[in-house]
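A.B. asks: Below, each chain spelled out in residue letters.
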Amino acid sequence: MWKFTIRRILIMIPQIILLSVLIFILAKMMPGDALSGMVDPNTSHETLEKIREDLGWNDPWPVQYANWAKDLIQGDLGQSFFYKMPVTELIGQRLINTFWLSLVTLILIYLISIPLGIISGRYNNTWADQLITGYTYIGFATPLFIFGLVMLWIFGYYFGWFPTGGSVEPGMEPGTFSYVLSKLKHLLLPAFSLALIGTVGTVQYLRNEIIDTKQRDFIITARAKGAPESRVYNRHILRNSLLPIAAFFGYEITGLIGGTIFIEMIYSYPGMGQLFMESIVSRDYSVSTALVLLYGIAAILGALISDIVLSIVDPRIRIK
Amino acid sequence: MDKEAVITSEQLQETNVNPSGLRIFWREIVRDKLALFSLIFIVVITAFVFITSEVLDYEEIVRVDLFNTHAPPSSDNWLGTDYGGRDVFGQLIIGTRNSLSIGILVTVMSGIIGIVFGLTSGYFGGTVDNVFMRILDFFMILPFLMIVITFVAIVPKYSIISFSLIMTAFLWMGIARLVRSKALQERELDYVNAAKTLGTSNFKIMFTHVFPNLSSIIIVNMTLNLAGNIGIESGLSFLGFGFPESTPSLGTLLSYATNPATLEYRWWIWLPAAILILLLMLSVRNVGEALKRATDARQRRG
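Chains as they are written, first to last, in this note's numbering: chain A, 3 to 322; chain B, 5 to 306.
Calculated directly from the structure, the hints in this document are not laboratory data. Treat each hint with caution, since some may be false.
Restraint ranges, calculated between C-beta atoms of paired labels, are given here [unchecked claim]:
no. : chain 1 : residue 1 : chain 2 : residue 2 : range
1   : B       : Lys161    : A       : Ala130    : 51 to 57 Å
2   : B       : Val135    : A       : Thr178    : 55 to 61 Å
3   : B       : Val47     : A       : Ile140    : 20 to 26 Å
4   : A       : Glu171    : B       : Ala265    : 19 to 25 Å
5   : B       : Phe54     : A       : Ile140    : 36 to 42 Å
6   : A       : Gln76     : B       : Pro77     : 56 to 62 Å
7   : A       : Arg218    : B       : Leu188    : 25 to 31 Å
8   : A       : Arg218    : B       : Glu58     : 56 to 62 Å
Straight-line distance between alpha carbons at most 20 Å, and here's what the computed SDA-like set of lysine to any residue pairs gives [to be verified]:
no. : chain 1 : residue 1 : chain 2 : residue 2
9   : A       : Lys185    : A       : Pro272
10  : B       : Lys186    : B       : Thr212
11  : A       : Lys187    : A       : Val106
12  : A       : Lys30     : B       : Lys161
13  : B       : Lys161    : A       : Leu28
14  : A       : Lys30     : B       : Tyr162
15  : B       : Lys161    : A       : Val283
16  : B       : Lys161    : A       : Met31
17  : B       : Lys296    : A       : Trp102
18  : B       : Lys296    : A       : Thr138
19  : A       : Lys187    : A       : Asp131
20  : A       : Lys216    : A       : Gly228
21  : B       : Lys296    : A       : Asn210
22  : B       : Lys161    : A       : Asp131
Note that CB positions come from ideal geometry on N, CA and C, so glycine has one too.
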């Protein structure tokens, strides 16, 4: 157990270093530097050169990388020249919105996929199963952004049940009950759009897993001993099938990263995905690289958590 | 010797004639009506789109006509016009052609990289496999969408070629992983050992002996990838980081729907493109699923 965990963490370190190198190269490839937007245009060429020299931008690349990485570890992600504030502060404002969106989405994913998967697996080849399988089949082929647009069109505009943009009603007092309610109302439609597409994989996994376990010898034994059907399912089958699902939430993070970008753009929801697109369009590259780095690290950590939890749940993984 | 055991060479030949891979594929598709219908749909759409886009006047379609913006569908413009007064139907045809072409191009290119990478990793095994898998793991973990968008934004002289190269660079991992796991199994088999004993070069064994045995699963995987890649391309174009401005794609038409007024009142601009993407992806997947069943004798219907 510990051996696996430590080995898994050791694998992660070169991944993070590689990621940071890749992002450093990206940052260096970007046209122009932060100075061109920051200083007075009348500054002479020599002074600019001197500032560059002082900032260490003429050093060899490995030295620059080391300095950059040192700043990163200390939590300094640079300055946004578009918003004129430190990147960390800027991201902090948006982080909370994306966090809530992801959290509600994850809860919805589990709320939807577990019952559907269980029904589909337990009563396989009935009309209910066919309906659910049809949903997963179409859900797999539907691009998230099309689904998001159609949801917004139908429920946001046509029926008008949900607000069509933003994260909260303007003019609300933070902390009050109606503020929270308004936030939730703004969250629901984007979260549902993300979740209904995101559940597909989990439903299919759970269905296959249950159908597979149903025919195992130990289930036949349990039935032969006269265990009631509910006990067979709750104690024997689901125990085996549900734990891996619970461990998947780390991998879900990777899936959510791409999803939040589309959904936040479509619902003009002020989160990190929208910030990323804004920063790319306005060429505010220090913000974009910081976001890629953060999302990359989030994905690496998500996979790490899932792998470790899976290894606890399923000992077969540890032996390798 | 009893009679049954004597097999004439003719009989032997007869039993050895397995239906060829392509024929199995074909039989499975014909048996599955949905897949057959999907295949016909794909062929018809592809043929229609490629032929009409040769006939259509491209300049006419992308010409801006400010007196005729946001026109609803009429006999002149079958699907109305967009914000620049350009004919949506014409853009839909060109867009479908572009989306399909780039989907196929990226699928083939990422397929080639994935096959070479996976074969090398699986065939040699050991340290090579270990190193290659760590590289693959790293690529798998990257936030795909963000990295691609960043590259698209900073690449100088952005063109369709660079776009497909960027997409390929981050999409070869799935097929590489599949080919690697199959190659790991194949390398233990006798025919590989026999070829090695005869002194056949590794390169030749990999590509002329092992590769043909993997071709059917590769075809299946690439078909399923094609569906995904069409979606990814239109998604990137939707965000404005796919095709360059002047070339319409299905995603470009959808991106007009980010304007709330277009989304709410002018369905003719974005809805046909949305339906077309959906149908294309579903059809390609249907065909892919049928092919997948064909590769597994236990699941075949035909």
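A.B. asks: Quick one, are Lys187/A and Val106/A close enough, alpha carbons at most 20 Å?
C.D. replies: Measuring from Cα to Cα gives roughly 11 Å; hence the hint holds.
A.B. asks: If I claimed the Cβ atoms of Val135/B and Thr178/A lie 55 to 61 Å apart, would that claim hold in this structure?
C.D. replies: holds (57 Å)
A.B. asks: For the pair supplied as a hint, Lys296/B and Thr138/A, confirm whether the alpha-carbon distance does not exceed 20 Å.
C.D. replies: holds (17 Å)
A.B. asks: Do the alpha carbons of Lys161/B and Met31/A lie within 20 Å of each other, as the hint requires?
C.D. replies: holds (14 Å)
A.B. asks: Is Lys216/A close enough to Gly228/A, meaning Cα to Cα at most 20 Å?
C.D. replies: holds (15 Å)
A.B. asks: If you draw a straight line from the CA of Lys30/A to the CA of Lys161/B, is it 20 Å or shorter?
C.D. replies: holds (17 Å)
A.B. asks: Is it true that Arg218/A and Leu188/B lie within 25 to 31 Å of each other by Cβ?
C.D. replies: Holds, since Arg218/A and Leu188/B (Cβ atoms, about 27 Å apart) stay within the stated range.
A.B. asks: With the threshold set at 20 Å, check whether the alpha-carbon distance from Lys161/B to Leu28/A stays at or below it.
C.D. replies: Roughly 16 Å separates the two Cα atoms, so the pair holds.
A.B. asks: At the C-beta level, are Phe54/B and Ile140/A separated by a distance inside 36 to 42 Å?
C.D. replies: violated (27 Å)
A.B. asks: When you check the alpha-carbon spacing of Lys161/B and Val283/A, does it fall within 20 Å?
C.D. replies: holds (17 Å)
A.B. asks: Verify the proposed pairing of Lys186/B with Thr212/B, using a straight-line Cα cut of 20 Å.
C.D. replies: At roughly 15 Å apart (the allowed maximum being 20 Å), Thr212/B and Lys186/B satisfy the hint.
A.B. asks: With respect to the beta-carbon atoms only, verify the hint that Gln76/A and Pro77/B lie 56 to 62 Å apart.
C.D. replies: With Cβ atoms ~59 Å apart, the hint holds.
In this structure, the earlier hints numbered 5, 17, 19 and 22 are contradicted, and the remaining ones agree with it.
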